[in-house]
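Generate coordinates for the entire structure from the input sequences, incorporating the hints supplied.
Here is how the chains run, residue by residue.
There are 2 protein chains.
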Amino acid sequence: MTELLNKIGQQAKAASQVLAQLSTTTKNQVLRAMADALLDKTPEILAANQEDLADTTGLADKFIDRLTLTADRLAGIADGVRKVADLPEPIGNVERGWTTESGLQISQKRVSLGVVGIIYEARPNVTVDSAALCFKSGNAVILRGGKEALQTNIKMAAVLRDVLAEFDLPQDAVQLITETSHELAQQFMRLNQYVDVLIPRGSSQLIQTVVQNATVPVIETGAGNCHIYVDETADLQMAEDIIVNAKTQRPSVCNATEKLLVNTAIAPDFLPRIARALADKHVEIRGDQQTCQILGDQAKPAQEADWDTEYNDYIIAIKVVNTLEAAIDHINQHNTKHSEAIITTNYEHSQQFTQQIDAACVYVNASTRFTDGFEFGFGAEIGISTQKLHARGPMGLKELTTTKYVILGQGQIRE
Amino acid sequence: MTELLNKIGQQAKAASQVLAQLSTTTKNQVLRAMADALLDKTPEILAANQEDLADTTGLADKFIDRLTLTADRLAGIADGVRKVADLPEPIGNVERGWTTESGLQISQKRVSLGVVGIIYEARPNVTVDSAALCFKSGNAVILRGGKEALQTNIKMAAVLRDVLAEFDLPQDAVQLITETSHELAQQFMRLNQYVDVLIPRGSSQLIQTVVQNATVPVIETGAGNCHIYVDETADLQMAEDIIVNAKTQRPSVCNATEKLLVNTAIAPDFLPRIARALADKHVEIRGDQQTCQILGDQAKPAQEADWDTEYNDYIIAIKVVNTLEAAIDHINQHNTKHSEAIITTNYEHSQQFTQQIDAACVYVNASTRFTDGFEFGFGAEIGISTQKLHARGPMGLKELTTTKYVILGQGQIRE
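Sequence order for the protein chains is Y and P.
So that you can map any letter, position 374 of the first sequence is 374 in the UniProt record's numbering, and since no number is skipped, the others follow by simple counting.
So that you can map any letter, position 205 of the second sequence is 205 in the UniProt record's numbering, and since no number is skipped, the others follow by simple counting.
Fair warning: there could be bad hints in the mix.
Heads up, the list lumps identical chains together, so a pair's fine if it works in one copy or across two of them.
Said to hold, decoys possible - Listed below are the simulated EDC-like cross-link pairs for lysine to aspartate or glutamate, each with C-alpha atoms no more than 16 Å apart in a straight line:
id, residue 1, residue 2
1, Lys41, Asp288
2, Lys398, Asp241
3, Lys398, Glu95
4, Lys300, Asp288
5, Lys13, Asp329
6, Lys41, Asp79
7, Lys13, Asp241
8, Lys281, Glu240
9, Lys147, Glu183
10, Lys62, Asp313
11, Lys109, Glu89
12, Lys7, Glu415
13, Lys83, Glu101
14, Lys41, Glu304
15, Lys83, Asp329
16, Lys300, Glu3
Keep in mind the hints are simulated off the structure, nothing from the lab.
The structure is reproduced here in structure tokens:
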């Protein structure tokens, strides 16, 4: 097993050295050819997907839906690859440069990471999407997807690898691990010799497994226990609109709001109003003691665990707080460092909130749902980093790169 | 034990929230007071150091030297703290900002990391140096130094904490773990709830232990199996000067050169010449077959393991290569991604080398010894990152920070 992984790692490393030197023109031609090939091979890919769907015993409907490809969905995936081709080149920019006292000319250049590992579940779109973003950024990718999507992933990876071969490029720029045992996944997470970064994409359980077991540097993504705090000075109509949007526009995603904090001064007015609006959208409310007192049987009592739970569902927990400071303390204690918002008309409060909240994205008077690579204008998203190293918040192509210092001298030695 | 660490972690997190909001003026006042206090308390600190030095049975002379403080060395450490005060403020800069189609104003602001963990050996200067750099960058620090320096570290940390108290700042901005068991160190490496980043400083063995055991994100520093490649077009006098400097100016450090690759066209001329120059500095030469053929008994045969060994000593391994490509392949296969140099007068070769070598710092016609935060002009150095995430190459104050997105809206919701 180790031998298999070492071989995959060596192949990826060798391929990455070719990829790092490719011209923008070539990369974009290859990506567009990949998009065409995915469309051309639609029948074969859908047939492979049907094999994966042949036995779905015990899988939840939501899971099956994510696993299922249709011609339309595949066309959307191919279109995504074409859009990656249209993005600006992320490699080669000089970030900064200067000349030292000793006359050395130092340039910090943006370069590829090398080999990126992606560990994910049963969403076949992640296979193509990750391969396209890694290719554009000059990285070889090693994909380890869930076993439920194995046939689909094998077929899609083969289509992409065939295109690489047509262009006389190393096929191992895109490799799929087809042995889906947990033991192999564990070893993959420790393949430091060949893998420069691991990005887990999927449930918080998957992400935590990778964080706990990997020795390869990991970019932690996606867990989102997001809060909205409604200040006593808030425009209550704005607050209502934002909360309903942030909770219900797409509850299953990481930037959906999970918790509502309301200042005590407006709680008696605002809570019944927001409870009605959320009830119209079939959202279950779990409240702290004060919330339950005000809302009566419109709210269930929240348990201690609720404050740390990401529901990803039509559920919200509501807490009444006495001060802005109490709101900030609660958020900093329970959040996952993803996205937090204040609704306020008070300048000082907006300043204090944005300065003191510890999160990738801190909003004033807007929905947390905007934390997204596309909404931010990056044109792509490989995930949303909730850690502080390397990348924080939505990650686009730039976050799939690193830098290197190139130093030009004339014979300098150190005294 | 877990309870102790959780308490330390909570205290650090609480302190970090105060530190993140401090003004530049206050931070610099505190740092200058810390420098003064270290000088004032010189007798007490040296007495504590004598306790550590009381039993040095079994410790190497080099180790004892690093552990030993003198009044002069302590003055140098205090002076270092003063220099950190003089550095520009690393926090609060807006790295980029833009307005989205929906009218959201996005700013990416530079902020503190939060809590930084430093794991190191028996160099007492690391205690003060790390504390000063973390404080200046608004981070709480948790220090875990080697047991051999425990009394010195306890005393120095106490001096720094007293200064914090004088300024009514949380003393837990600087905490030292005084229980030096390996079990506790292991738990410290997994304290993800409170520690944002771990930086190991010391031997490659220490660093590998942290990389292999930590679940907290690690910045890998310092391992340096650095190469110099002498191209067939090189100015041989320049090559000689640079190699002697890079190997012998300070052989114990990570940016010293460990390996020499020489193009076959110049090997018969250059190898005897560089062998004489290195012999004058008492450097042992280990050569591949061709090198040994040319140098005779001036070289010992290199073993396979030599190519991957960082000697940190007066030893160099030399290999003859046929082409630039062979040199690049050898380096990319055996290097630790630290610092690599080519000596050449050929433009194309300089381009190919800097583009294809995978390392933090790639030099043309200069000594690898320049890879250093001070030589780069950063005014400080917390280490030299050899990984690709977050920071690569010399790390100054900026590398002890992260960013957060602040997003100002007017009620935007996502459609």
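Hint check results:
1. Lys41 x Asp288: neither (54 Å within a copy, 52 Å between copies)
2. Lys398 x Asp241: Intra 33 Å, inter 39 Å, cutoff 16 Å: neither.
3. Lys398 x Glu95: both (12 Å within a copy, 14 Å between copies)
4. Lys300 x Asp288: This pair counts as within: shortest intra-copy Cα distance 9 Å, inter-copy 76 Å.
5. Lys13 x Asp329: Result: close only across copies, 12 Å inter versus 45 Å intra.
6. Lys41 x Asp79: within (14 Å within a copy, 68 Å between copies)
7. Lys13 x Asp241: Answer is neither; intra-copy 50 Å and inter-copy 34 Å both fail.
8. Lys281 x Glu240: within (12 Å within a copy, 76 Å between copies)
9. Lys147 x Glu183: Within one copy, since 13 Å is at most 16 Å while 37 Å is not.
10. Lys62 x Asp313: So lysine 62 and aspartate 313 pass the 16 Å test inside one copy only (12 Å; across, 61 Å).
11. Lys109 x Glu89: Within one copy only: 13 Å inside a chain, 24 Å across chains, cut-off 16 Å.
12. Lys7 x Glu415: Close neither inside one copy (44 Å) nor across copies (47 Å); limit 16 Å.
13. Lys83 x Glu101: neither (45 Å within a copy, 18 Å between copies)
14. Lys41 x Glu304: neither (51 Å within a copy, 48 Å between copies)
15. Lys83 x Asp329: neither (41 Å within a copy, 35 Å between copies)
16. Lys300 x Glu3: neither (54 Å within a copy, 33 Å between copies)
Checked against the numbered hints above, the structure breaks hints 1, 2, 7, 12, 13, 14, 15 and 16 and satisfies the rest.
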